[in-house]
Structure formats: C-alpha cells, structure tokens
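Visitor: Use the sequences and the hints to build the structure in full.
Sequence order for the protein chains is A and B. Start counting the first sequence at 1; every next residue gets the next number (the working numbering). Start counting the second sequence at 1; every next residue gets the next number (the working numbering).
Keep in mind the hints are simulated off the structure, nothing from the lab. Glycine included, C-beta positions come from ideal geometry on N, C-alpha and C. Heads up, some of the hints might be wrong.
[Claimed, not checked] Here are a few chain A residues that sit away from chain B, every Cβ distance over 12 angstroms (derived from the structure):
id : residue
1  : Pro32
2  : Leu89
3  : Gln111
4  : Ala118
5  : Asn265
[To be verified] Simulated pairs of lysine to any residue, SDA-like, Cα-Cα distance not exceeding 20 angstroms:
id : chain 1 : residue 1 : chain 2 : residue 2
6  : B       : Lys138    : B       : Pro152
7  : B       : Lys19     : A       : Arg216
8  : B       : Lys42     : A       : Ala156
9  : B       : Lys19     : A       : His83
10 : B       : Lys19     : A       : Phe21
11 : B       : Lys162    : B       : Asp123
12 : B       : Lys19     : A       : Asn265
13 : A       : Lys225    : B       : Glu45
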Amino acid sequence: MNLAERLRLRAQALEAIRGFFAARDVVEVQTPVLAPATVTDPDVESIAVPGYGFLQTSPEYQMKRLLSAGAPSIYQLGPVFRHEERGRLHNPEFTMLEWYRLGFDDQQLMQEVAELVALVLGPDAVQTVTYQQLVGDVSGRGDVQRSELDLRFAEACEKLQPGRFFVVDYPADQAALARLRPDNPSVAARFELVIDGIEIANGYWELLDPTEHERRFAADRARRKALGRTDVEPDQPFLTALRRGLPNCAGVALGVDRLLMLAQNADRLDEVLQRPET
Amino acid sequence: MLEGDPCTILENEFVKPGKGQAFNRVKFRNLKNGRVWERTFKSGESLEGADVVDIDMEYLYTDGEFWHFMRTDGSYEQVAAAESAVADCKDWLKEQDVYQVTLWNDDPIAVTPPNFVELEVTDTDPGLKGDTANGGTKPATLSTGATIKGVPLFINIGDILKVDTRTGEYVSRAKG
Numbered sequence: 001m002n003l004a005e006r007l008r009l010r011a012q013a014l015e016a017i018r019g020f021f022a023a024r025d026v027v028e029v030q031t032p033v034l035a036p037a038t039v040t041d042p043d044v045e046s047i048a049v050p051g052y053g054f055l056q057t058s059p060e061y062q063m064k065r066l067l068s069a070g071a072p073s074i075y076q077l078g079p080v081f082r083h084e085e086r087g088r089l090h091n092p093e094f095t096m097l098e099w100y101r102l103g104f105d106d107q108q109l110m111q112e113v114a115e116l117v118a119l120v121l122g123p124d125a126v127q128t129v130t131y132q133q134l135v136g137d138v139s140g141r142g143d144v145q146r147s148e149l150d151l152r153f154a155e156a157c158e159k160l161q162p163g164r165f166f167v168v169d170y171p172a173d174q175a176a177l178a179r180l181r182p183d184n185p186s187v188a189a190r191f192e193l194v195i196d197g198i199e200i201a202n203g204y205w206e207l208l209d210p211t212e213h214e215r216r217f218a219a220d221r222a223r224r225k226a227l228g229r230t231d232v233e234p235d236q237p238f239l240t241a242l243r244r245g246l247p248n249c250a251g252v253a254l255g256v257d258r259l260l261m262l263a264q265n266a267d268r269l270d271e272v273l274q275r276p277e278t
Numbered sequence: 001m002l003e004g005d006p007c008t009i010l011e012n013e014f015v016k017p018g019k020g021q022a023f024n025r026v027k028f029r030n031l032k033n034g035r036v037w038e039r040t041f042k043s044g045e046s047l048e049g050a051d052v053v054d055i056d057m058e059y060l061y062t063d064g065e066f067w068h069f070m071r072t073d074g075s076y077e078q079v080a081a082a083e084s085a086v087a088d089c090k091d092w093l094k095e096q097d098v099y100q101v102t103l104w105n106d107d108p109i110a111v112t113p114p115n116f117v118e119l120e121v122t123d124t125d126p127g128l129k130g131d132t133a134n135g136g137t138k139p140a141t142l143s144t145g146a147t148i149k150g151v152p153l154f155i156n157i158g159d160i161l162k163v164d165t166r167t168g169e170y171v172s173r174a175k176g
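Guide: Given below as structure tokens:
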C-alpha cells in the first residue's frame, strides 16, 4: 500500500468511527494530553515533561473527571505516550480511541466494540476465551510469579488462532480499574480484544468505589517499589472526581494504529504511522 | 555472553501486554559454534558483555593443527586459530590474503573470508577448443583443495577463478 492509499485508509477509518459515535449520540471530547499527574500502573511508564507534568498514557483519568462532573457518554481519538515502548507492535506515541458508555456493563460494551471493529475490518464472529483458558490453571499460583503469568499470557495471545477473541475473567489482582464481578469476586469485569494474536482493546465495567481505588493505587506503588521502579503519586484531581462520584458506566481503550495495521494487512506498526519512509 | 559463550544478537522483539510486564524475545547466534536460538528476558535483565572484536588479518600458513594469521596494522603480531575457528573457511584460505578474524578475549574463535576470493585451478578436465561463454559446465579443484561446480568448459588448469565464498559458486575467470 503506498503512502496516498495509507493516508486515505486512515482518514476514512477515522471518519467512519466518528460517524459510528455520532449515530449513537456519544460526544467527542479532547482532554489534555499534558497533565500534572499520571498513572500508578507499575507496568506503564509515563514520559515526564519537566516543569509541566506527564504526557498522558491514556485519557482515562481526564475523561472520568468529565464523567464525574456530569458529561454524557463520551469518546476521544488522540495521541497517547508510553516511555520506552518500541517494537514491531509498539511506538512511544500512538493513537488511542477511548470511550465511556453511561449505564453500560462490560457485556453491552463488548457488543459495541465488536460492532465498531466490524466497521473498520468488516464483519466476523468474535469468540470468547477466559484468562484461565489462555494461561492455564492458575489456582494455587502462589509460587507462580506475576511476570511468569504475564509472559504466558502474552505468548498465549500470540498463539491464538487467526480471528477475533474477547479475553474475559481476568483474576481479581489484574482488575486494573475494573470492578470485580458481583456474582464472582475472584474475577474482574474486564475484557480485552485480541485479533490475529494482537492485543487491540482493553475495557472495564468501571470501578466506582473511591476507597477501593486508593487501595489499588497503594498496591501499584508497593509493586513499583518491589520492582525498583520510580514512585508515582496518585492523581489527586482524579481521586477528588471519584469521591464526587463516577456514574455507573463501562469504558474501553482501543489501539487505532494496530486496528489499521490489520485493515491494511501490515506486519509492523511502522507501516501505518503517518510519516513518509524517508 | 550467554551460558559462557559469546553471542551476537540477530533479532530483538519487544513483547508487552498492555497491562503487564515487558519482555524482550531475543534471537542469538553463538559466535563459537554458529548455533542460533531464542530466549525471552524480562525487561531490565542484564547480560555480561563479551569482549569480542573483528579485525582484519593476513593468513600465513597452517601446521596442520593451527592456522596462523598476522595483524595487518604493522605490529606483525600473530594468532593461531584452531580448526573449529576456520572450519567454515578452510576451503577459501589463501596465503597472504586478508580475512576477518573474530577475537574473543584475544582468542580467535571465527574466521570469515571475503565474499569473493581468487584461487588457482589445480585440476579440471581439459578445456575444449572453441568453447566460449556458452555451453556446459564441469567441476574444478582449486589450490586450497576445494572443489567447485558450475565451471565453464573453457577453464584450464592454472587459470585463476573468482569464487563467491557465501555460495561456493564460480563467478568468473579472474583477469591476469
């Protein structure tokens, strides 16, 4: 695919995505890319901008602040940044599509994610697989290191057959900011979409409880310390917003560049980024 | 350094689940035995660097046990390479030619020939009069003892041939 074709494909995909949300009355927003605070997630490093704060690794906190202040269902398309992530499927700057649906649970949002993906890649069935089916039996896993699980998970995703898969039922300690499933609190109401072995999207039926948020941030910081990573102060404006109250909602973040990679049968993220080859 | 042997990295793939640790899946070539294999490392893991350098050296002679090379920097310093280091290269070693020698802690562990070498034909079927560029081919034995195929019929004993060391194939008759 030549440059003109690639540029056109991306522009058309973004236009289709905007049309998709307009038809569903989901409002486009543009929150700050540069903010004073960032995420505590031990496996995501932010790029610091001295004197200003951090380039955002996802618009999650900013969008949730809007939701707590009375925003309707919203979506955002824009750049996010991750320190030192570079490879065939990674670039330190990439395009994220993130959206939040008021009143949705994870099941309803998964349905919508499948529809959005079909819009860009064409229709295809989406199968469901549990975290445990991918990683193997993780009961009594006290002796299985988290890093070992992460590697097993990454390799199991790569080895999934071609096609679309939702991975569900993540263990409670990998809930990130998803709530635990009310009928089975050993797993989180979190899902990921994997297409042709590539991780495309990650979504939650959102955790609302501010105290549980603080507990998870503290656990993140303890793991950061154990791994020898730099400490990150929790985002205070985000915690304030949580105390004010987040409406019941589900949200998801989707890697647009990877989706375009699949749309144009590319093998590397480099092939879809908006820059000439020389 | 990996498992005690110096290695070179052929490929390094960054692997990371969005909410999980980063890994590097690295493909290595063992510089001593040429074996290629893959290993996955957690990001942040470190390996000991190997003191490996490639330098140009002139091939002098072999005493049957060692192959002797000399630095070309005017120091006349010599190294003796064991058979394991020259195994892939023995067919192309010509005295006074320059080769790339890989030294690990000053020990030669591999010798790489230039992509093309010129060697004399010591044995081949007699050349056929009137045969030029067209026609069939035949094997020829070179001064190093190597036998190459695909040599045109007009080549005679004593001719100098240019050979591609990567494929072991005849390229052309060298001028002179």
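Visitor: With reference to the structure, classify each hint as holding or not holding.
Guide: Checked hints:
Listed as outside the interface, Pro32(A) is consistent with that label: its C-beta sits roughly 22 angstroms from the nearest C-beta of chain B, beyond the 12 angstroms cut-off. The Cβ of Leu89(A) sits about 8 angstroms from the closest Cβ of chain B, inside the 12 angstroms cut-off, so the non-interface label is violated. Separation of Gln111(A) from chain B is adequate, the least Cβ-Cβ distance of about 21 angstroms exceeding the 12 angstroms criterion. Every C-beta of chain B lies more than 12 angstroms from that of Ala118(A), the closest at about 22 angstroms, which supports listing it as non-interface.
The Cβ of Asn265(A) lies farther than 12 angstroms from every Cβ of chain B, with a closest approach of about 20 angstroms, so its non-interface assignment holds. Under the criterion of a C-alpha separation no larger than 20 angstroms, the hint pairing Lys138(B) with Pro152(B) is consistent with the structure, at around 6 angstroms. Proposed proximity of Lys19(B) and Arg216(A) is supported: the alpha carbons are some 14 angstroms apart, at most 20 angstroms. At roughly 17 angstroms between alpha-carbon atoms, Lys42(B) and Ala156(A) fall within 20 angstroms of each other, so this suggested pair holds.
About 14 angstroms separates the Cα atoms of Lys19(B) and His83(A), which keeps this hinted pair within 20 angstroms; it holds. Simply put, Lys19(B) and Phe21(A) have alpha-carbon atoms about 26 angstroms apart, too far for the 20 angstroms limit, and the pair is violated. Between Lys162(B) and Asp123(B), the direct Cα distance comes to roughly 16 angstroms. Compliance with the 20 angstroms bound is thereby established for this hinted pair. For the hint pairing Lys19(B) with Asn265(A), the CA-to-CA distance comes to about 25 angstroms; that exceeds 20 angstroms, so the pair is violated.
For the given pair, Lys225(A) sits about 17 angstroms from Glu45(B) by alpha-carbon distance, which is consistent with the 20 angstroms threshold.
When held up to the earlier numbered hints, the structure conflicts with 2, 10, 12 and fits the remainder.
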